[in-house]
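Engineer: Just so you know, the protein sequences line up as chains A, B, C and D, in that order. First residue of the first sequence? That's 5 in my numbering, and the numbers climb one at a time after it. First residue of the second sequence? That's 5 in my numbering, and the numbers climb one at a time after it. First residue of the third sequence? That's 5 in my numbering, and the numbers climb one at a time after it. First residue of the fourth sequence? That's 5 in my numbering, and the numbers climb one at a time after it.
Hints may contain errors.
Pairs count within a copy or across copies, as identical chains cannot be separated in the list.
[What the hints assert, rightly or not] Taking lysine-lysine and the DSS-like style, the derived pairs with C-alpha atoms no more than 25 Å apart in a straight line are:
1) Lys253 - Lys170
2) Lys12 - Lys79
3) Lys195 - Lys171
4) Lys324 - Lys201
5) Lys265 - Lys314
6) Lys121 - Lys12
7) Lys121 - Lys355
8) Lys121 - Lys103
9) Lys314 - Lys324
10) Lys308 - Lys103
11) Lys171 - Lys253
12) Lys79 - Lys355
13) Lys121 - Lys147
14) Lys58 - Lys147
15) Lys153 - Lys178
16) Lys58 - Lys324
17) Lys314 - Lys355
18) Lys355 - Lys153
19) Lys265 - Lys121
20) Lys308 - Lys171
21) Lys169 - Lys195
22) Lys147 - Lys355
23) Lys103 - Lys324
24) Lys355 - Lys169
25) Lys355 - Lys12
I should point out that these hints are in silico values taken from the structure, not numbers from a laboratory.
4 protein chains.
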Amino acid sequence: MASNSFGKIFRITTFGESHGPAIGVIVDGVPANLALVESDIQFELDRRRPGQSKVTTQRKETDTVEIISGIFEGKTTGAPIAMLIRNEDQRSKDYAEFKDLFRPGHADYTYWAKYDKRDYRGGGRASGRETACRVAAGTIAKKILREHKIYIVAYTLAVGEIYAKKKDFSVIEKNMVRAPDLEAAEQMIAKVEEARKDCDSLGGIVEAVVHGCPPGLGEPIYDKLNARLAYALMSIGAIRGIEFGVGFKAAAMRGSQHNDKFYMDGNRVRTYTNNAGGILGGIANGEDIILRVAVKPASSIAQKQETISKDGLSAIIEVKGRHDPCICPRVVPVVEAMIALTLIDFLLLHKAMQR
Amino acid sequence: MASNSFGKIFRITTFGESHGPAIGVIVDGVPANLALVESDIQFELDRRRPGQSKVTTQRKETDTVEIISGIFEGKTTGAPIAMLIRNEDQRSKDYAEFKDLFRPGHADYTYWAKYDKRDYRGGGRASGRETACRVAAGTIAKKILREHKIYIVAYTLAVGEIYAKKKDFSVIEKNMVRAPDLEAAEQMIAKVEEARKDCDSLGGIVEAVVHGCPPGLGEPIYDKLNARLAYALMSIGAIRGIEFGVGFKAAAMRGSQHNDKFYMDGNRVRTYTNNAGGILGGIANGEDIILRVAVKPASSIAQKQETISKDGLSAIIEVKGRHDPCICPRVVPVVEAMIALTLIDFLLLHKAMQR
Amino acid sequence: MASNSFGKIFRITTFGESHGPAIGVIVDGVPANLALVESDIQFELDRRRPGQSKVTTQRKETDTVEIISGIFEGKTTGAPIAMLIRNEDQRSKDYAEFKDLFRPGHADYTYWAKYDKRDYRGGGRASGRETACRVAAGTIAKKILREHKIYIVAYTLAVGEIYAKKKDFSVIEKNMVRAPDLEAAEQMIAKVEEARKDCDSLGGIVEAVVHGCPPGLGEPIYDKLNARLAYALMSIGAIRGIEFGVGFKAAAMRGSQHNDKFYMDGNRVRTYTNNAGGILGGIANGEDIILRVAVKPASSIAQKQETISKDGLSAIIEVKGRHDPCICPRVVPVVEAMIALTLIDFLLLHKAMQR
Amino acid sequence: MASNSFGKIFRITTFGESHGPAIGVIVDGVPANLALVESDIQFELDRRRPGQSKVTTQRKETDTVEIISGIFEGKTTGAPIAMLIRNEDQRSKDYAEFKDLFRPGHADYTYWAKYDKRDYRGGGRASGRETACRVAAGTIAKKILREHKIYIVAYTLAVGEIYAKKKDFSVIEKNMVRAPDLEAAEQMIAKVEEARKDCDSLGGIVEAVVHGCPPGLGEPIYDKLNARLAYALMSIGAIRGIEFGVGFKAAAMRGSQHNDKFYMDGNRVRTYTNNAGGILGGIANGEDIILRVAVKPASSIAQKQETISKDGLSAIIEVKGRHDPCICPRVVPVVEAMIALTLIDFLLLHKAMQR
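The shape of chain A in the complex, shown without the other chains:
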């Protein structure tokens, strides 16, 4: 029940607090003989790290990864891969003044209620910083998936009420919000700037597409592919909801509209529509897997907010620090990582069960 691990055959375990010496991750169950170097990992970490653009927090963390074990002569050995990311830009004193106060929207109160002992410095274990470990581990999973021609892409579909109207994947990494639509991206950035000026933050929607997932991946009954993906993605702190294919729109549809009809495309079974989002009965049907997650507006805002102290006294809190006005662009690589970590487990299991 130890809960800092994710996955079964390919399993990660993360540790570390935002203001301790380091955070890190152990990746166990990696097949041997996979070429892997630190720069593979660093590339993805750089997509998540703070300070990468004006729409993200201005904290300076290089998030430099150090591989401690599991690699020999440039390849995985089958042993667990330990990776460390040192914490650098820790201004713990930023937090000292409200060490007894519960920041609204954060896990301060619930950790205190649960453990009666709390590392108050920047959220400690509850900090979004933990997701860097997911990204590091996810890179390894992605690499194996790519060898099997399974590709994952995530992007910011909406910021506030501004939606991407196009889905041009080639521009995602070319704009600060990681939207697949440059025009919409500009409007989104303007909205984020506006929120920042108001000492506020803004939510959004991140969408992800998995291309190349072979039919048959996923397991009945409880480890349905969508169930495991929902579990994986809802474990990201900022996520408030998840939907697959048409998602909540299914509620207002009739079966005759919603059922995806089958046809043959050469030798391949296809469906005309993809309302199911690529998954039937918890098992991939070979169509693109499509899902969306609702990202809440970041809880850290530079405004005065009403709250209480752990002694039950009313208080006003003003979290100065350096915050993300919209975390969607930084959530994108985390979403990809969690999808990759979910799929790799199913892929390995799938191989196990072939006769």
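The hints should help you fit chains B, C and D onto chain A, whose structure is shown.
Structural biologist: For chains B, C and D alone, coordinates are given in the frame of chain A:
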């Protein structure tokens, strides 16, 4: 990785096909000395069984539960509780004619792609009938939760575009769609009837509320309470999405609106709003847990639909049988059961970790 | 933590008490398309069942297996396989008179201490009868292993102080004690008869050999092949110890004697000796896996024994019933089953990790 | 299936190779508010580290532990505790010359057969050095167990054929072999010296006693206390066998001798004898848990040995390095650690299941 089990400390394992001799469930990890009789289970099964009203399928299954083990002199012994539900009204021949065809929206194709061997009779293992086992097991979890004053209620929030406008829990079991609003219920029933006449089906939204969940329940980092609930609920075949608190609406909110401010209510920490849906950082904060799931329109409809055979030939399929025009009312007890099975695991773990 | 399950990818869950309506097992994670009929299972169950010879208990249980799910048209479907074995010859009243007494050597007291509620009829859940479920499930594992040319054989190496001097596997099933030496078998049988006449029981040693295990099976660090086998075999109630290769004799050896030197046998890496019992660093090296388990004398004996009641009063207990004077011959198929269930998990995992 | 983790509720994950930068362990599932400082850990590590006496290897490793996470203001926070132990005295070049040779008795060949990629420096992941991580983690488990008045002590019962004749626990830490008998210890030390002079090594037996284990700990059916202990201890590389209570001697006993008769000692249920070693039906009965493990003679010996290369060529290998002539004294703290890690899981689960 065996995937027909759910839970860790309190763990269920289900088995059986819709057209085999029986379905069943083993519940392991039940504390000893809990009073339990078959009628406790039967009560909940009757809420899920087919044929209970005109808005559900007219199949006749009494879904009578038989407890095989784990109870002695009316109380649990700590041994696994095995429960069998015999299949009665199996018209396997209803299915023989399309044994080689893939029903749109169903898992026929994906099971075939995965296993290359398929019990085609009524979905076999993929049948919604498996959820009766969840309800049976969930009853035991609910009973223990009630002893801890944790109460779960689910209801149909919407059928198609008709939403309940009131939340009067006392009427939920008094209308055929299990809506908390009798007036809306009537409109919903009319909509379902309409769909049935059109040989079609209709989706909806089921909402659930957990009252009395103690602050501190849930685990960082991966087994967040919302992550495990999402996993539990997305494993129900008909669910297309899940959201907590304000859910997808969070995308368009600002942090200053979305953050739930704390205050003291006597000795109890409360929040003025409950946008987070009772969970912060994956841990219950003591407010009601509120979640919604999108229920797709049932895939079985009595219309002609285009499809293909397993040999890749085009075909027209017409699934006669007796279908649910809207499965929301039958999903309600399943949602409750899956929430109960999730919470019980956290509750037992919570006790384990107290010093 | 539910503890009535064994295995990870290929996972069994057992249930049922010796004096309830039935015992049974769910086998999850069985690859699809394996031919399987009830007679496959029955064959192995018959090797374990009571009443098969004069050296076993005279209880009459046919141990007839009924497959409830997971098989369609003679083949596995990938769905969980549920098997039921009805209890027939239950003389519950044999046990009523000492329902408040703790039988020495049995789990009566510890179950009562743990659960404060106890099905006293014949050991309830703690009965050796549960091992029939292991044998049923193990048959499926064995069948898959045989397809991979992995063969498991177990036999009675010693009864009391009588040891088999030859290892002629062809005679194992041809004598009542399942010894690989007909001459020794006769002496063993005489010893068992002697014990029975004295209203007593006798211990022994069961040895097992796995032939054909491919080099590479097993996992560092914690799931070493020998560690998982020890776990599997020590979970059989009557086992008091386990050793691999030279086992406890290693304590008195020097490294120069104990190290198995390598040589090439054609293309195959071999060792001149097999002191390690076929496992190095927790991983099979391709030599035969050899292990021995110490079997305690059955605790049920038809003598008067001093004990106490659950109220703490001194008492004399005389367990009449029909007992096994030596359980070695019936432990043999259980040992084989547990080895098979352990190996299958490693075999499936091994396939998962191949690139 | 990732296999570098041990435990369920209280779960450790280890990583690192003997000749990489560091080894380490993550301990997840530690209750909050336990006082813990590095010196607690260091104390136990010092009992295991090399170079502590003339009967152990002369390698110089201070095995200094660094706590990276999970502790705040001297107490556990409920977050995972990461501990690093830097590798210092790595003479990797000692190993370069036989990088293509398989050392007899070691896991060189099986790792190569399994992974086709091998860190040949000092055993890499298969090195006994990994057990330092177990000791570090075990210290935390021990600390919690002591709070519950559960005490674990292990000691060298035999070296070669020299057995301790007394069991004076007060002298265990006062002699180099950790025997509970100073006179026997001297003879043992002489025997070890003799083996060392012959460039050889010697096996032995380590015994452990758990005092204070409450009746009821342990779980039927598969997670029997003895089954989990056997799994835990057999995962230590040097162990060849394990037995509980009378162990293999049970084979030659009759039931009337072997059954431990119950009596009342005041309010406490006791048995006159303890042949079962404190466990009945997989559950502690309150008597001392007694077990013994067979420790093989260390495989690294400074003699010329026949072997083969990975290309299948015959070769002579002479492993110079600095070796342990008898590893029993260093196995002692590892045995204690693995017992502690096993018991803590059962203890936490036990609390979970109390009503």
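Engineer: How would you classify Lys58 and Lys147 at a CA-CA limit of 25 Å: within, between, both, or neither?
Structural biologist: neither (30 Å within a copy, 49 Å between copies)
Engineer: At most 25 Å between C-alpha atoms: does Lys121 with Lys103 qualify within a copy, between copies, both, or neither?
Structural biologist: Classified as within; 11 Å inside a copy, 48 Å across copies.
Engineer: At most 25 Å between alpha carbons: which applies to Lys265 and Lys314, within, between, both or neither?
Structural biologist: between (57 Å within a copy, 14 Å between copies)
Engineer: From the Cα coordinates, with 25 Å as the cut-off, is the pair Lys12 and Lys79 best called within, between, both, or neither?
Structural biologist: within (22 Å within a copy, 28 Å between copies)
Engineer: Can you give me the call for Lys355 and Lys12, within, between, both or neither, at a CA distance of at most 25 Å?
Structural biologist: both (14 Å within a copy, 15 Å between copies)
Engineer: At 25 Å max between alpha carbons, let me know whether Lys121 reaches Lys12 within a copy, between copies, both or neither.
Structural biologist: between (30 Å within a copy, 23 Å between copies)
Engineer: At 25 Å max between alpha carbons, let me know whether Lys308 reaches Lys103 within a copy, between copies, both or neither.
Structural biologist: Answer is within: at 16 Å inside a copy they meet the 25 Å cutoff, but 64 Å across does not.
Engineer: Tell me, please, which holds for Lys147 and Lys355 at an alpha-carbon limit of 25 Å: within, between, both or neither?
Structural biologist: Intra 17 Å, inter 19 Å, cutoff 25 Å: intra and inter.
Engineer: Between copies, within a copy, both or neither: which fits Lys253 and Lys170 at Cα up to 25 Å?
Structural biologist: Classified as both; 20 Å inside a copy, 22 Å across copies.
Engineer: Which holds for Lys324 with Lys201 at a C-alpha limit of 25 Å: within a copy, between copies, both or neither?
Structural biologist: within (14 Å within a copy, 61 Å between copies)
Engineer: Checking an output row: Lys314 and Lys324, CA cutoff 25 Å. Within, between, both or neither?
Structural biologist: For Lys314 and Lys324, the Cα distance is within 25 Å only inside one copy (20 Å; across copies 61 Å).
Engineer: Classify it for me, Lys195 with Lys171: is the Cα-Cα distance of at most 25 Å met within a copy, between copies, both or neither?
Structural biologist: Answer is within: at 20 Å inside a copy they meet the 25 Å cutoff, but 36 Å across does not.
Going through the hint list in order, the structure does not satisfy hints 14, 20, 24.
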